[in-house]
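Sequences are here, hints too, so could you generate the full structure?
So for the sequence shown, the working numbering puts the first residue at 1308; every next one is plus one.
Be careful, since some hints might not be right.
[Stated by the list, open to error] Label-pair ranges, simulated between beta-carbon atoms: (1) Arg-1315 to Leu-1349: 20 to 28 Å; (2) Ala-1355 to Ser-1324: 40 to 48 Å; (3) Ala-1342 to Tyr-1319: 18 to 26 Å; (4) Lys-1350 to Asn-1310: 12 to 20 Å; (5) Asn-1343 to Glu-1316: 13 to 21 Å; (6) Ser-1324 to Ser-1352: 34 to 42 Å; (7) Arg-1315 to Lys-1350: 18 to 26 Å.
Keep in mind the hints are simulated off the structure, nothing from the lab. Every residue gets a Cβ at the ideal spot worked out from N, C-alpha and C, and that includes glycine.
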Amino acid sequence: MDNIESLRENLYEVLDSGDDSEILTASQELDKLIANYMLQQLKLSKYAS
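In structure tokens, the structure reads:
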């Protein structure tokens, strides 16, 4: 979860710079990490049932 917060902060910093390429890269990294986290949670809830 700390990685998500770190990448989110990085995205905000990059948004301030206005560089489209850096914004896209930071956004994609954050999206991937969130998607992986959500998949892990789904797998855990599947086994808990």
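Quick rundown of the hints versus the structure:
Checked against the hint of 20 to 28 Å, the C-beta distance between Arg-1315 and Leu-1349 comes to roughly 21 Å, which is consistent with it. One distance hint, 40 to 48 Å for the beta-carbon pair Ala-1355 and Ser-1324, holds here, with the actual separation near 42 Å. The hinted window of 18 to 26 Å between Ala-1342 and Tyr-1319 holds, with their beta carbons roughly 20 Å apart. The supplied range of 12 to 20 Å is met by Lys-1350 and Asn-1310, whose beta-carbon atoms lie about 18 Å from each other.
Between Asn-1343 and Glu-1316 the C-beta distance comes to about 18 Å, which sits within the given range of 13 to 21 Å. Distance hint check for Ser-1324 and Ser-1352: the Cβ-Cβ separation is about 38 Å, which falls inside the suggested range of 34 to 42 Å. A hinted range of 18 to 26 Å holds for the C-beta pair Arg-1315 and Lys-1350, which are about 23 Å apart.
Figure legend: structure checked against the earlier numbered hints; every hint is met.
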